[in-house]
Amino acid sequence: MNAGLNGQGTKARYRGLQKVSRQRYIFLFVALAPSLLGYLLFTLYPNVLSIYYSLLDWDGLTDAKFVGIDNFVHMFQDKFVWRALYHNLLLIVVVPVLIVLISLVLAYLLNNKTYRENSLYKVVYFFTNVLSTVVIALLWAFIYDGSFGLLNGILGIFGLDMNSFYWLGSSSTALWALVVPMVWGGVGLYVVIFINAISAIPKSLYEAAELEGARPMTMLFRITIPLLRSVIRVCVVFIVLGTIKGFELMLVMTNGGPEGSTDVIGLYMYNLAFGKDYHNYGYASAIGMLLFVILVAAKYIIDKYYPEEKVEF
Amino acid sequence: MDWVWRLLLFLWAASIVFPIVWIVLQSLRTNAEFFQNIWELPSQLQWGNYTKAWTSYNVGKSLLNTLYYVGVSLVLGTFLTALNAYALTRMQFRGRAFIWSLIMLSLFLPGINALIPQYILMKTLHLTNSLTGLIILDSFGENVFFLMLLGGFMASFPKDLEESGAIDGASLFQIFWKIIVPLSTPGIVTVAIFKFLGLYNNFLGPLIYLSDPAKHTIGVNMYHANMKMQFTSDWVTMFAGIIIVMIPSIIFYILFQKRIMAGATMGAMKG
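Protein chains in written order, with UniProt numbering: chain A, 1 to 313; chain B, 1 to 271.
Keep in mind that the hints were calculated from the coordinates and are not lab data. Remember, it's a predicted structure, so these values are computed and weren't measured experimentally. Possibly wrong hints are sitting among the right ones.
[Stated by the list, open to error] Derived DSS-like pairs: lysine-lysine, alpha-carbon spacing no greater than 30 Å straight-line: (1) Lys276/A - Lys215/B; (2) Lys61/B - Lys276/A; (3) Lys61/B - Lys113/A; (4) Lys276/A - Lys52/B; (5) Lys123/B - Lys65/A; (6) Lys258/B - Lys178/B; (7) Lys276/A - Lys123/B.
[To be verified] So the derived list for chain B, only partly shown, Cβ under 10 Å to chain A, looks like this: (8) Leu88; (9) Asn113; (10) Phe231.
All residues carry an ideal CB built from backbone N, CA and C; glycine is no exception.
With the rest of the complex left out, here is chain A (with noise of 0.2 Å):
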C-alpha cells in the first residue's frame, strides 16, 4: 500500500511535471513567435530577395524577367547613380564634420561654464531631435524661400538684400542649404550625448590645465576630445550611415532637384521603385545593392582607420 501511494505520487508529480513543461513550450511559443516570424517575414526574407530582385528586369506591372547581372553593368554606365553618389560623398564629408564639431562646443560650454540659462538651453537644443523629418523639412522650406522666406528676411535686416534668391532653386546652392536643417536637426542629441561624456572626465584634468594657463579652447581641443576619442567614434559611425542612407529631407525639400543638384542615392532608388512615372524593381533594388556595399564598407573603413583605443583617467 505504501508503494502504491508512493508510484502513484510519483505518477501525479510526472504528469504536473508534464503539464508544468506543456505550459513552458506554449508560453514560449506564444512569447517568442510574433516577433520572431514577424522579422523573419518582413525583414530577414525581403533582405534576401533584394539580390534576386537585383537581377530582373521588372517594372511591377509586366512579368519579371531574369536579366543576371545586366542592371549592375547599366549602374556603373548610368551617370545619375555618379552624380547621387557624389553628392553623397559631399555629404558625408561635411555633415558629420559639422554635428560632432558643433555639439562638442556646445557640450563643452554648457558643461565648463556656469551661465544661469545651461539647463534650457539644452533642453531647447534636443528638441529638434523629437521633430519629424517632414516637419523639419517644411519648417526649413519656409526659411530658405525666396519672397518670403525667414534667411532673406534677415539678410535684408542687415542690409543684404538678396532679390529674392531662392536657396533651395539654384543647384549651386541647394545642396549646401540641405546640410543646414541636417546638421541644424541632429546637433542635439549628440550635445546630451557628449555632455554625459564630459562629466565623467575628471574636474582635476581641466585644474591642472588652468594652473598652466590653458586656454578653454586649448582644453577643448587638447583634454576633452581625446579623451571624447571612442564616443566620437560611435557618433560619427552613426552620422555617417545615416547620411549615406538617408533622403526624406531631400525628398521632401527639393525632391532631387534644381537639375538633380540634390539627387542622392537614396533618393534616386527611392523615386526609380516608387516615383511618380517609370517604376523599374529590378534597377532600383541593384542600386539597394550597392547601397548596401557602400554602408558595410563605409563602416569597415572607420573601424580600420578609427581603431577603438581604450583610454584611462
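Go by the hints and put chain B onto chain A.
Relative to the frame of chain A, chain B by itself:
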C-alpha cells in the same frame, strides 16, 4: 572673451526657437498682411487660419488615422517586445542562442535595400493601402536596441523571482504579467517613449504604403498639403497646419523630456 561663448550658446538656441515663434506669429495673420511684411506682429489674431487648416487639409481625419496607427502599434509592439525580452533573457530553452544570433543579424542590415521586396511582399499579402497593414508591419519584428534595453533591465532581477511565483501556483503568463511587468515598468516606459517617437515621426512607411488620401497620417498629409500650397500660395494656413502637427510633439517632449534624453544617450554609451 566670455561673452562670445555665451552669445554662441544663445545663437544656437535662437536658431531653434526663433523660426518656430515666427511661424506661430505669422500663422495668426492674413496672407495679405504676411505678403506685405513678414516681420510684423499680428494686428488681429486670425484663429480662422487654424479652422481652415483643420478643414481644408482634413487634419481631423488624418489625426484619427495617426492615433489609430500609433496607438495600436505602440500598445501591441511594446507588449510583444516585453514578452519577447522576458523569454529571451530569463528563460532557458534550446535554440535560444540561435534566436539571439538571428536577431543580432539585423544590426548588419541597413534596411534600405529591403524596401522594394518588402513593398512587393506587403502588396501580395494585401496589406498595402491599409493602416492595419502598416500596424502589422511595424509591430511584429525584432529590435535589438529595445531587447537589450529591456533585457538588461529584466536580467538584473533576482533569480528566484519566478520560483517563488511558481510555488504559489501562478502560471508563466501570470508571473510575467503580475511580477515581471510591474518591476520592469521604467524600462517599458522608455521603450514605449521611443516607439512613440518613431511611430509618430514615421514618414517613409506611411508615404509608401498608404496611397488613399483618406488613410494618410498627419505627416504624409502635411507633405501633400505643402505640394498643393505651391499652387495656392496660402501660406498662413500652411503655417497653422505645421503648428498643429508640432503640438503633439511639443506636449510629448514637455512630459517626457528627462526620460527621452536619458534613453537617447544610453545607446551611444553602450555602443
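Going through the hints against the structure:
For the suggested pair Lys276/A and Lys215/B, the alpha carbons sit about 19 Å apart, so the restraint of at most 30 Å is met. This hinted pair checks out: Lys61/B and Lys276/A have alpha carbons roughly 25 Å apart, not beyond 30 Å. A threshold of 30 Å between alpha carbons decides the hint, and for Lys61/B with Lys113/A the separation of about 48 Å lies outside it, so the pair is violated. Restraint check: the Cα-Cα separation between Lys276/A and Lys52/B comes to about 29 Å, which is no more than 30 Å; the hinted pair holds.
Of the supplied pair hints, the one linking Lys123/B and Lys65/A holds, its CA atoms being roughly 19 Å apart against a limit of 30 Å. About 27 Å separates the Cα atoms of Lys258/B and Lys178/B, which keeps this hinted pair within 30 Å; it holds. As the CA atoms of Lys276/A and Lys123/B are separated by approximately 18 Å, the hinted pair is consistent with the 30 Å bound. A distance limit of 10 Å between C-beta atoms decides the matter here; for Leu88/B the minimum to chain A is near 7 Å, and the interface restraint holds.
With 10 Å as the threshold, the beta carbon of Asn113/B comes within range of chain A, its nearest partner Cβ sitting at about 3 Å, so the hint holds. At its closest, the beta carbon of Phe231/B sits 15 Å from a beta carbon of chain A; the interface hint therefore is violated under the 10 Å criterion.
Violated hints for the displayed structure, listed by number in ascending order: 3 and 10.
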